[in-house]
Amino acid sequence: MMATRRVSGLGAQVTSLPAPKWRVTLVVDPTMCDGHGVCAELLPERVKMDQWGFPIISDEEIPTALADHARRAVASCPRLALHLVEGLQ
Amino acid sequence: MRTPLAEITPPTREAPTFPRLLSGLSSPDNSFGLHDHLEQWGALPLRRARATLLDELDSAGLRGHGGARFPVGTKWRAVSEGRARRAVVVANGAEGEPASLKDAFLLTKFPHLVLDGASLGAAVLNANRIVVYVPDRLTDVIGRAIHARRRADLDPVEIEVVGAPEAFLSGQESAVVRALNNGPALPTFVGIQSIRTRGVGGRPTLVQNVESLAQVAMISRFGGQWFRSVGTDDSPGTMLLTITGRWTEPQVVEAPHGVAFRDLLQLTAQDADRYWGILLGGYGGGWVSMTDILECRLTEEAARQLGSSLGAGVVAVLPRTCCPLAETARVVRYMERQGAGQCGPCVHGLADLAAHMEALAFDPAALRGHLPPIEELCGLIEGRGACRHPDGVTRFVRSALVVFHNEALQHVRRGPCGAVNGPALLPCPAHQGRPR
Ligand SMILES: Cc1cc2nc3c(=O)[nH]c(=O)nc-3n(C[C@H](O)[C@H](O)[C@H](O)COP(=O)(O)O)c2cc1C
Ligand code: SF4
Numbered sequence: 001m002m003a004t005r006r007v008s009g010l011g012a013q014v015t016s017l018p019a020p021k022w023r024v025t026l027v028v029d030p031t032m033c034d035g036h037g038v039c040a041e042l043l044p045e046r047v048k049m050d051q052w053g054f055p056i057i058s059d060e061e062i063p064t065a066l067a068d069h070a071r072r073a074v075a076s077c078p079r080l081a082l083h084l085v086e087g088l089q
Numbered sequence: 001m002r003t004p005l006a007e008i009t010p011p012t013r014e015a016p017t018f019p020r021l022l023s024g025l026s027s028p029d030n031s032f033g034l035h036d037h038l039e040q041w042g043a044l045p046l047r048r049a050r051a052t053l054l055d056e057l058d059s060a061g062l063r064g065h066g067g068a069r070f071p072v073g074t075k076w077r078a079v080s081e082g083r084a085r086r087a088v089v090v091a092n093g094a095e096g097e098p099a100s101l102k103d104a105f106l107l108t109k110f111p112h113l114v115l116d117g118a119s120l121g122a123a124v125l126n127a128n129r130i131v132v133y134v135p136d137r138l139t140d141v142i143g144r145a146i147h148a149r150r151r152a153d154l155d156p157v158e159i160e161v162v163g164a165p166e167a168f169l170s171g172q173e174s175a176v177v178r179a180l181n182n183g184p185a186l187p188t189f190v191g192i193q194s195i196r197t198r199g200v201g202g203r204p205t206l207v208q209n210v211e212s213l214a215q216v217a218m219i220s221r222f223g224g225q226w227f228r229s230v231g232t233d234d235s236p237g238t239m240l241l242t243i244t245g246r247w248t249e250p251q252v253v254e255a256p257h258g259v260a261f262r263d264l265l266q267l268t269a270q271d272a273d274r275y276w277g278i279l280l281g282g283y284g285g286g287w288v289s290m291t292d293i294l295e296c297r298l299t300e301e302a303a304r305q306l307g308s309s310l311g312a313g314v315v316a317v318l319p320r321t322c323c324p325l326a327e328t329a330r331v332v333r334y335m336e337r338q339g340a341g342q343c344g345p346c347v348h349g350l351a352d353l354a355a356h357m358e359a360l361a362f363d364p365a366a367l368r369g370h371l372p373p374i375e376e377l378c379g380l381i382e383g384r385g386a387c388r389h390p391d392g393v394t395r396f397v398r399s400a401l402v403v404f405h406n407e408a409l410q411h412v413r414r415g416p417c418g419a420v421n422g423p424a425l426l427p428c429p430a431h432q433g434r435p436r
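Chains A and B, in that order, give the protein sequences.
Per our numbering, residue 1 is the first one in the first sequence, and the count goes up by one each step.
Per our numbering, residue 1 is the first one in the second sequence, and the count goes up by one each step.
Among these hints, one or two may not hold up.
What follows is a list of derived Cβ distance ranges for each label pair [said to hold, decoys possible]:
(1) R50/B with M49/A: 10 to 20 Å
(2) A430/B with R79/A: 29 to 39 Å
(3) P78/A with A152/B: 50 to 60 Å
Stretch by stretch, here's where chain A covers chain B in the computed footprint (C-beta under 8 Å, at least three residues) [what the hints assert, rightly or not]:
(4) 185-191
(5) 377-385
It is worth saying that the hints were derived from the structure and are not from the lab.
Even glycine gets a Cβ: it sits at the ideal position worked out from N, Cα and C.
Could you put together the complete structure from these sequences and hints?
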């Protein structure tokens, strides 16, 4: 992920690329999701429902403490739309 | 190994300064057959390309002309890494954007530049399949060009032509791949996977815009340094533009990056009173005010600073006889209808956005003196579709709220302006249904 910050005084846009880090995150395939909502029930720490009844998934990392809950959410999605992805990001 | 005929014909002709892709327009019949093409540009340097083209593309700094402006050399390297299976090269001429005419123009007038680029891609990436993906109405023209090349034994790999449905999303790259895999031309969720390594038939796939490929054909002959000899450091070379609203008919032109919009559009300071501003990039681009455009040059960096992008090269100059909010509302509704209906936030978000924009443009009394919560809504939509279609729409809408802020307030306070029922500039073809 690319972080852009403005450096005051210089008026310049500096783009820094933090070293990629091994991360586990949750993603939803929006073409599969029909807004069932079981993910928001099982993992409220990372999933909220929007005004139309579709999940908003945080791109924050899933720490070990949440890993079991996350796996349960993934396994419970009736549309199999939820995925845990891990890799250098 | 046999030597293709084109390799025997004399090599390079003189390198053009400007124009480049459209140099041939000065020829009498205005359309380039294979003979004219080889006469003008010389042989297709396939063998040299295998050895040096990747480096030339990097040094050229060529970026894609389908909208995303991704570096071409970087993409070719990524595709060539999927070495386990032979790659597929797709020339993307779908041109779903209704305000853009440049790809169809290029394909009709100079098909061999595009086909050269596709063949070069196949040579460099060691591909054994080339598909030219163009709207149904152009498959015959391209078919004839391919036929002429086959008779001259020009290409190392057979070139196929496949028809694309005329819909906004047909040219989105995962939709292209899905269409070529015998599915509907609708985007898929690619996730962290990439069609560069797993695309058509599960093989590494290069999807490249047809103008990008035509530029590749020129770079293969004249080199990366030549390419950079016009343009700016950050936006080198030239690009094709579709200019609408400035003259009676839309025009396709080739422009050097870095040219002042003032010169490109032949504008003077007085024109600020005749026009509202311009739409830059396309329906996923953004509006720019006349004040800004009169000071702006044609570079991606300048466009980004103004909240837009050069995108697919649309430059639509909006006369004051049109209502900018009505133009925006019609395009948002069109884009909502063109959505594939697959992703909840895109379906509901674009529908709400279109309704808000229509209220603001045509029925502001219903808003009871308040601007609708459009920016908030944009924030809820962005980044949540399988493809970037909804994000393009929010960029377009956000720019309208910035550039036409005063007009929006006027609508809310005093009702729609007189131009609201005036002529429309931006085409929103009603006959286009949901893509198949
Ligand atoms: C909604 C949407 C529609 C698109 N339509 C087209 C198109 O009609 N033609 C095209 O070349 N690229 C289109 N693109 C961009 C393609 O996804 C892809 O980036 C491009 O074809 C790659 O070629 P380039 O790198 O040479 O630009 C579209 C992208 C999006 C998000
Ligand atoms: S974001 Fe919209 S257009 Fe893109 S795949 Fe999803 S529903 Fe289709």
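Hint check:
no., hint, in the structure
1, R50/B with M49/A: 10 to 20 Å, "53 Å, violated"
2, A430/B with R79/A: 29 to 39 Å, "33 Å, holds"
3, P78/A with A152/B: 50 to 60 Å, "57 Å, holds"
4, 185-191, "holds (count 4)"
5, 377-385, "holds (count 3)"
Of the numbered hints listed earlier, the single one contradicted by the structure is hint 1.
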